[in-house]
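Just so you know, we're using the numbering used here here: the sequence shown kicks off at 79 and counts up by one.
If you're looking for bench data, these hints aren't it; they were derived computationally from the structure. In this text the structure is predicted, and so the values were computed from the model without any measurement. For every residue, glycine included, the Cβ atom is placed at its ideal position computed from N, Cα and C. Do not take every clue at face value.
Label pairs and their computed distance ranges (CB to CB) [said to hold, decoys possible]:
no., residue 1, residue 2, range
1, Gly148, Asp118, 24 to 32 Å
2, Asp118, Arg140, 25 to 33 Å
3, Gln114, Val134, 28 to 36 Å
4, Glu104, Asp157, 17 to 25 Å
5, Glu115, Glu136, 29 to 37 Å
No farther apart than 20 Å at their CA atoms in a straight line, the calculated lysine to any residue pairs in the SDA-like style are these [stated by the list, open to error]:
no., residue 1, residue 2
6, Lys153, Asp118
7, Lys153, Ile123
8, Lys120, Arg151
9, Lys120, Leu147
10, Lys153, Gln114
11, Lys120, Ile143
12, Lys120, Gly148
13, Lys153, Arg113
14, Lys153, Ser100
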Amino acid sequence: MLAFSGLMVSAKDIASQNRGTSVDFEDCLGLAEARQEEIDIKRLIHHFYEMVSYDVAEDRLRPNIDHFLGLLREKGLYD
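Generate coordinates for the entire structure from the input sequences, incorporating the hints supplied.
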């Protein structure tokens, strides 16, 4: 099982497009809220870091996961 395949796709969209817009984060957060029992956050983080390590903009993309984790914490979905 992936961390959560739907969420991974959204996280990949955030990273691969160098976007990280509020709409992207809101979409990911909504998905996380709807499917929180299926999400393995530690595995998501691992996959995200692995994915951005292949991108030339790794330093610019890494903060996106930190921001997303902060949003999850605010919603009580991650501690």
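Hints, verified against the model:
no. : hint                         : in the structure
1   : Gly148 to Asp118: 24 to 32 Å : violated, 18 Å
2   : Asp118 to Arg140: 25 to 33 Å : violated, 20 Å
3   : Gln114 to Val134: 28 to 36 Å : holds, 33 Å
4   : Glu104 to Asp157: 17 to 25 Å : holds, 21 Å
5   : Glu115 to Glu136: 29 to 37 Å : holds, 31 Å
6   : Lys153 to Asp118             : holds, 16 Å
7   : Lys153 to Ile123             : holds, 18 Å
8   : Lys120 to Arg151             : holds, 14 Å
9   : Lys120 to Leu147             : holds, 11 Å
10  : Lys153 to Gln114             : holds, 11 Å
11  : Lys120 to Ile143             : holds, 11 Å
12  : Lys120 to Gly148             : holds, 14 Å
13  : Lys153 to Arg113             : holds, 13 Å
14  : Lys153 to Ser100             : holds, 15 Å
In the structure shown, a violation is registered for the earlier hints numbered 1, 2, in ascending order.
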